[in-house]
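**Student:** So the chains spell out like this:
Protein chains: 4
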Amino acid sequence: MSYDNIKICVAGGDLRMLITARELSAKGFGVTLYGFDGCSCDSGAAVRESDIEKAVSGASVVVLPVPYSTDGCRLNCPFCKTEIRADGILNVLHPGQLLFAGVCTPSFYSRAEEKNITLIDYMKDEELTVKNAVPTAEGALEVAMRELSVTVRDSNALIVGFGRIGKLTAAAFAALGAGVTVCARRGEALAWAEAYGYETVSTDSICAAVKGKNLIINTVPELIIDRNVLCSVEGDALIIDLASMPGGVDDGFAASKSIKVIHALSLPGKTAPVTAGKNIADAVIRILERRGVL
Amino acid sequence: MSYDNIKICVAGGDLRMLITARELSAKGFGVTLYGFDGCSCDSGAAVRESDIEKAVSGASVVVLPVPYSTDGCRLNCPFCKTEIRADGILNVLHPGQLLFAGVCTPSFYSRAEEKNITLIDYMKDEELTVKNAVPTAEGALEVAMRELSVTVRDSNALIVGFGRIGKLTAAAFAALGAGVTVCARRGEALAWAEAYGYETVSTDSICAAVKGKNLIINTVPELIIDRNVLCSVEGDALIIDLASMPGGVDDGFAASKSIKVIHALSLPGKTAPVTAGKNIADAVIRILERRGVL
Amino acid sequence: MSYDNIKICVAGGDLRMLITARELSAKGFGVTLYGFDGCSCDSGAAVRESDIEKAVSGASVVVLPVPYSTDGCRLNCPFCKTEIRADGILNVLHPGQLLFAGVCTPSFYSRAEEKNITLIDYMKDEELTVKNAVPTAEGALEVAMRELSVTVRDSNALIVGFGRIGKLTAAAFAALGAGVTVCARRGEALAWAEAYGYETVSTDSICAAVKGKNLIINTVPELIIDRNVLCSVEGDALIIDLASMPGGVDDGFAASKSIKVIHALSLPGKTAPVTAGKNIADAVIRILERRGVL
Amino acid sequence: MSYDNIKICVAGGDLRMLITARELSAKGFGVTLYGFDGCSCDSGAAVRESDIEKAVSGASVVVLPVPYSTDGCRLNCPFCKTEIRADGILNVLHPGQLLFAGVCTPSFYSRAEEKNITLIDYMKDEELTVKNAVPTAEGALEVAMRELSVTVRDSNALIVGFGRIGKLTAAAFAALGAGVTVCARRGEALAWAEAYGYETVSTDSICAAVKGKNLIINTVPELIIDRNVLCSVEGDALIIDLASMPGGVDDGFAASKSIKVIHALSLPGKTAPVTAGKNIADAVIRILERRGVL
Chain A
53 MSYDNIKICV
63 AGGDLRMLIT
73 ARELSAKGFG
83 VTLYGFDGCS
93 CDSGAAVRES
103 DIEKAVSGAS
113 VVVLPVPYST
123 DGCRLNCPFC
133 KTEIRADGIL
143 NVLHPGQLLF
153 AGVCTPSFYS
163 RAEEKNITLI
173 DYMKDEELTV
183 KNAVPTAEGA
193 LEVAMRELSV
203 TVRDSNALIV
213 GFGRIGKLTA
223 AAFAALGAGV
233 TVCARRGEAL
243 AWAEAYGYET
253 VSTDSICAAV
263 KGKNLIINTV
273 PELIIDRNVL
283 CSVEGDALII
293 DLASMPGGVD
303 DGFAASKSIK
313 VIHALSLPGK
323 TAPVTAGKNI
333 ADAVIRILER
343 RGVL
Chain B
53 MSYDNIKICV
63 AGGDLRMLIT
73 ARELSAKGFG
83 VTLYGFDGCS
93 CDSGAAVRES
103 DIEKAVSGAS
113 VVVLPVPYST
123 DGCRLNCPFC
133 KTEIRADGIL
143 NVLHPGQLLF
153 AGVCTPSFYS
163 RAEEKNITLI
173 DYMKDEELTV
183 KNAVPTAEGA
193 LEVAMRELSV
203 TVRDSNALIV
213 GFGRIGKLTA
223 AAFAALGAGV
233 TVCARRGEAL
243 AWAEAYGYET
253 VSTDSICAAV
263 KGKNLIINTV
273 PELIIDRNVL
283 CSVEGDALII
293 DLASMPGGVD
303 DGFAASKSIK
313 VIHALSLPGK
323 TAPVTAGKNI
333 ADAVIRILER
343 RGVL
Chain C
53 MSYDNIKICV
63 AGGDLRMLIT
73 ARELSAKGFG
83 VTLYGFDGCS
93 CDSGAAVRES
103 DIEKAVSGAS
113 VVVLPVPYST
123 DGCRLNCPFC
133 KTEIRADGIL
143 NVLHPGQLLF
153 AGVCTPSFYS
163 RAEEKNITLI
173 DYMKDEELTV
183 KNAVPTAEGA
193 LEVAMRELSV
203 TVRDSNALIV
213 GFGRIGKLTA
223 AAFAALGAGV
233 TVCARRGEAL
243 AWAEAYGYET
253 VSTDSICAAV
263 KGKNLIINTV
273 PELIIDRNVL
283 CSVEGDALII
293 DLASMPGGVD
303 DGFAASKSIK
313 VIHALSLPGK
323 TAPVTAGKNI
333 ADAVIRILER
343 RGVL
Chain D
53 MSYDNIKICV
63 AGGDLRMLIT
73 ARELSAKGFG
83 VTLYGFDGCS
93 CDSGAAVRES
103 DIEKAVSGAS
113 VVVLPVPYST
123 DGCRLNCPFC
133 KTEIRADGIL
143 NVLHPGQLLF
153 AGVCTPSFYS
163 RAEEKNITLI
173 DYMKDEELTV
183 KNAVPTAEGA
193 LEVAMRELSV
203 TVRDSNALIV
213 GFGRIGKLTA
223 AAFAALGAGV
233 TVCARRGEAL
243 AWAEAYGYET
253 VSTDSICAAV
263 KGKNLIINTV
273 PELIIDRNVL
283 CSVEGDALII
293 DLASMPGGVD
303 DGFAASKSIK
313 VIHALSLPGK
323 TAPVTAGKNI
333 ADAVIRILER
343 RGVL
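Going down the list, the protein sequences come from chains A, B, C and D. Counting in my numbering, the first sequence tops out at residue 346, every number present. Counting in my numbering, the second sequence tops out at residue 346, every number present. Counting in my numbering, the third sequence tops out at residue 346, every number present. Counting in my numbering, the fourth sequence tops out at residue 346, every number present.
Just so you know, not all the hints are guaranteed correct.
Given that identical chains are not distinguished, each listed pair holds provided it fits within a single copy or across any two copies.
Mimicking DSSO-like on lysine-lysine, the simulated pairs with C-alpha atoms at most 27 Å apart in a straight line are [to be verified]:
(1) Lys322 x Lys312
(2) Lys79 x Lys263
(3) Lys79 x Lys59
(4) Lys133 x Lys322
(5) Lys79 x Lys322
(6) Lys59 x Lys106
Hint data in this document are derived by calculation from the structure and do not stem from the laboratory.
Based on the provided sequences and hints, a complete structural model is requested.
**Tutor:** Structure, rendered in structure tokens:
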């Protein structure tokens, strides 16, 4: 099926979603764009619409941003001049239209189901998640460079967790010559970290491991950097928490000890919106192919 | 429990197993060594025994080599002056002794079970397998350096498969500046390969992908480099097959086209016997810990 | 000779020089610190003095910042509450005291000579310059990460010049997976760039080379990125100019074409003051050793 | 001037020179090839001649191998069925023909001058020397992989000297995860080694530095690894000597201590003859351009 017979509406979001819209239109889809009235950036061949009903009309696919809502209520739409409820989108859709959104809540799924709208969370696409780990790792590096008063080369980093983000973050810091120790729970993860040439330490020994480290990067969404661990952290160390909210660091206790913690969220969209927007466009196409729509 | 109360017998194998014995004795275990009468290398504190019954007597653990047998019948024992049947080992053991061996056949498991001997295949230990991937990747590099008439830097390699060995082989060749393209089936594997900075191609397009490559490294134990693919391979390309027997290359057809294929097996033991032997010793200890023996 | 018999006065400068003072005192020198009354940072064992005469009194060595003056007239002393003339320092010194300063002008040398003061420009120390190239390269990376809307991984960088900074900048960007092309004049420099695995292009062909690059980093203190070259630069490319003033880019013309140019100066002091301050302390000690003072 | 008006004769040498001839003819030069009667490899468009006079007749340029002679007397011509004196070549040349040769002795220069033949040693071309350092570094890696019983990853290497070959050898071993310590005399070289992220040690402390290293690679053509140093070398360490004859290791004393020394010479021609041959062809063209012949 040729792409130009398919209309996609991109509604809401920041610069990233504008790029998503531009990419999709560059690939040949007919694209409408809603919610960017306050943004003068080039939207390519995507047609801006100021009315949501008009924007989604005739669209086979509607793409909401990541996250689709920051408060669980309103559409995440920083460039909108008017507010719009996320649920409201469901009212202007009809069964048969596919709704894509990033990081969907169970209640949003329920409401979509009530309306017989197929809701797809593209942030569950494994390829997209892996691809997003690259800008996340670069973002962590940027934060470290900005905040540390020594070079990354002279730094000694403890990376907690060796999943997608841990792997690429370790690779980025090691590539610049930092000392990298990976802290993980499973023996297999530690074997991999060792195979890639990093120092390794079991999570059981994290208290000893933080000593002498001027940089601690957490990637695990559990309270691992707790009071106990914080008591062993060097006073001038920097902690970068990459885990999604509520993160893995006891922020209050860290503050009481004057340990600097930076909770760096949504790094792909912040540090490389163009790369992040293209990745979303690719994910949308991939999912449509997998579902047989393309 | 202290290690020195535990006696381990290492029986058969090449230099690697001698190192395994030496490592285990260096860690404090009481170690007997059988089958190295033809080898003058230093066996450390391990006590050589020329009689298998004496060697296993009193041992809580008996460690056979990898593979424990090359013909399914005799113990793999290149330094033995006399032959010994692998099954024969079972006759001199008694229930309660743990038998470790590498790459066990179903029939060896059955016979061990009949004798109420617990047989453990240490090559199934995920950590060992990951650790062995490092010397395997280095071995592939050594073969390429020896066989190619251009530098690795000037080479353009296609790596087929992105599992343990594919990942570390790609990393090794890229580290030396070779052009690296990873060929895999699953989108997730391709996303990872891309995240690590390699070119990628789906297995569906492998025929097009081999063009212009002077080096093809297969890691997948399936006939992927078949006649069809070989017809597209450059005449002066080198193929290194790292997949276990029967490998993933149609060797006969390659020979008929004068394409050089090197089936490189058991690289860890060949290229880095000391590293490989230590890895086995570590695996034995790890498995004993996991089973509560240590 | 033992360090604690030698008194060093560090006068003026930013955070870097405070670190220099702290490092020198940590190594055992008696250190006085002048010009940091507006800075509450920990100065270690260095003794703060608010009077310059008292600060230099008894010092064998006086260390001024880099640059020692930003206007050729006043001492570069951002944390000073009062202004002090750089020349004025000469009046309170006596022959026999060694004066260290960064980036000395010919006229400063003349005036020191008139007073029979030995003036040493530590920024001419080759080892210091090489060491400073590390934080400079990291600083360039930080600027690129902050400014680019794509990842460094997805970037295609042209690095102009392959001296100290060019070499380490190329290495840093390549380590993160950017495409790196080195542009240089001499065949030998190009051969080195090729040996390290970068694409290369002669300066003669720079106009063709800038096409398709989203990042251009200049390290050559000559007007190389002139109108001609700028006419070939992509509209959305970022230019980072690392060459000392006046730099190597026609800024006015670039502005007229809306090409973003960032003139990034003194990166070591900005991105890694602690590393930079330690490097200066090391250089001071090295030069004293070479002169037989230590 | 178009290449096809220029005739080049390649006389003598191994596979490398055959490749040189093939490359030059592929670039459009008329090429004759002498001294390969015992070699059946494809020589491309180069015309084989069995008579040296016929081979050089009409040639503007004659290219001898590297080294042009292994005994100072006969032409280095392993594929020749008959012997030919290197001096004899001079007799069949006439003034105006350019003679290229690798590693020329002073006496060869004198005899060429007597005959008014311009003799050019292409191994003095800086670009060629840099380019040859890549296959040399890879060759050192291949030797280490073949000889060591541990992985390069698990190795701890001391690299003596930080010139062309030292730099690229350090880079190659570090890329594979070996521990790399660079030993050099000059502070500037050590600063560079540190900037690239290696451990460093001054040549003064080499005795202490060899301790704990399982691999020592010498690149300096002076007797640095002398009796004193060898007394500190670990018994099972491997020494690879890359310095040209007589090398930098006291081989006799090393042998008496059973320390394995491999004097690895002419690595480019051995490990990557095609790359090495192309590099020579490129150097010939470059030198001709520089001299205004092209």
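**Student:** Decide, hint by hint, whether the structure agrees.
**Tutor:** Here is what the structure says about each hint:
With identical chains, the CA atoms of Lys322 and Lys312 are at most 27 Å apart both within one copy (21 Å) and between copies (19 Å). Proximity of Lys79 and Lys263 under a CA criterion of 27 Å is satisfied inter-copy only: 23 Å between copies versus 51 Å inside one chain copy. In the homo-oligomer, the alpha carbons of Lys79 and Lys59 lie at most 27 Å apart inside one protomer (12 Å), although the nearest pairing across protomers, at 53 Å, exceeds that limit. Taking the closest pair of Cα atoms, Lys133 and Lys322 come within 27 Å of each other only inside a single copy of the chain (21 Å); across copies the shortest separation is 39 Å, beyond that limit.
When the C-alpha separation of Lys79 and Lys322 is checked against a cutoff of 27 Å, the pair qualifies only within one copy, where the shortest distance is 24 Å, while the shortest distance between copies is 43 Å. In the homo-oligomer, the alpha carbons of Lys59 and Lys106 lie at most 27 Å apart inside one protomer (12 Å), although the nearest pairing across protomers, at 74 Å, exceeds that limit.
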